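**Student:** Sequence:
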Amino acid sequence: MRQVAVVTGGTGALGRWVVRELVARGWRVHVPWKVAAEVGALEALLEDGAGSVVTGEVDVTDAAEVEARLAALKAAT
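So that you can map any letter, position 58 of the sequence shown is 712 in the working numbering, and since no number is skipped, the others follow by simple counting.
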């Protein structure tokens, strides 16, 4: 079974490094984002990761939204 990680802050400099390392090790990585402009920083990983990186708009300060997203991720994995 493939390992799955959720990387909050995955659109930032350190977060992108974490995402890149996890993808290189075969993980499927979900990166929640709130500001659409930040997703552009992940474009290279989205291409190089061959489906290993999934993004989605999530307000990580909203517990109900986070729970709903995690439930959807579990169902899809």
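Derived by calculation from the structure, the hints in this document are not laboratory data.
Keep in mind that the hints are not guaranteed to be accurate.
[To be verified] Derived Cβ-Cβ restraints for the label pairs, each shown as a range:
| # | residue 1 | residue 2 | range |
| --- | --- | --- | --- |
| 1 | Val-720 | Val-672 | 17 to 23 angstroms |
| 2 | Thr-715 | Ala-691 | 17 to 23 angstroms |
| 3 | Arg-679 | Ala-718 | 18 to 24 angstroms |
| 4 | Val-714 | Ala-667 | 26 to 32 angstroms |
| 5 | Leu-727 | Glu-701 | 17 to 23 angstroms |
Note that the structure is a prediction, hence the values are computed from the model and not measured.
Note that the Cβ used here is the ideal one computed from N, Cα and C, for glycine as well.
**Student:** Hint by hint, note whether the structure agrees.
**Tutor:** Hints, verified against the model:
1. Val-720 - Val-672: 17 to 23 angstroms: holds (19 angstroms)
2. Thr-715 - Ala-691: 17 to 23 angstroms: Distance hint for Thr-715, Ala-691 holds at roughly 18 angstroms.
3. Arg-679 - Ala-718: 18 to 24 angstroms: Violated, since Arg-679 and Ala-718 (Cβ atoms, about 32 angstroms apart) do not stay within the stated range.
4. Val-714 - Ala-667: 26 to 32 angstroms: This hint is violated: roughly 18 angstroms between Cβ atoms.
5. Leu-727 - Glu-701: 17 to 23 angstroms: Because 22 angstroms falls inside the window, the suggested range holds.
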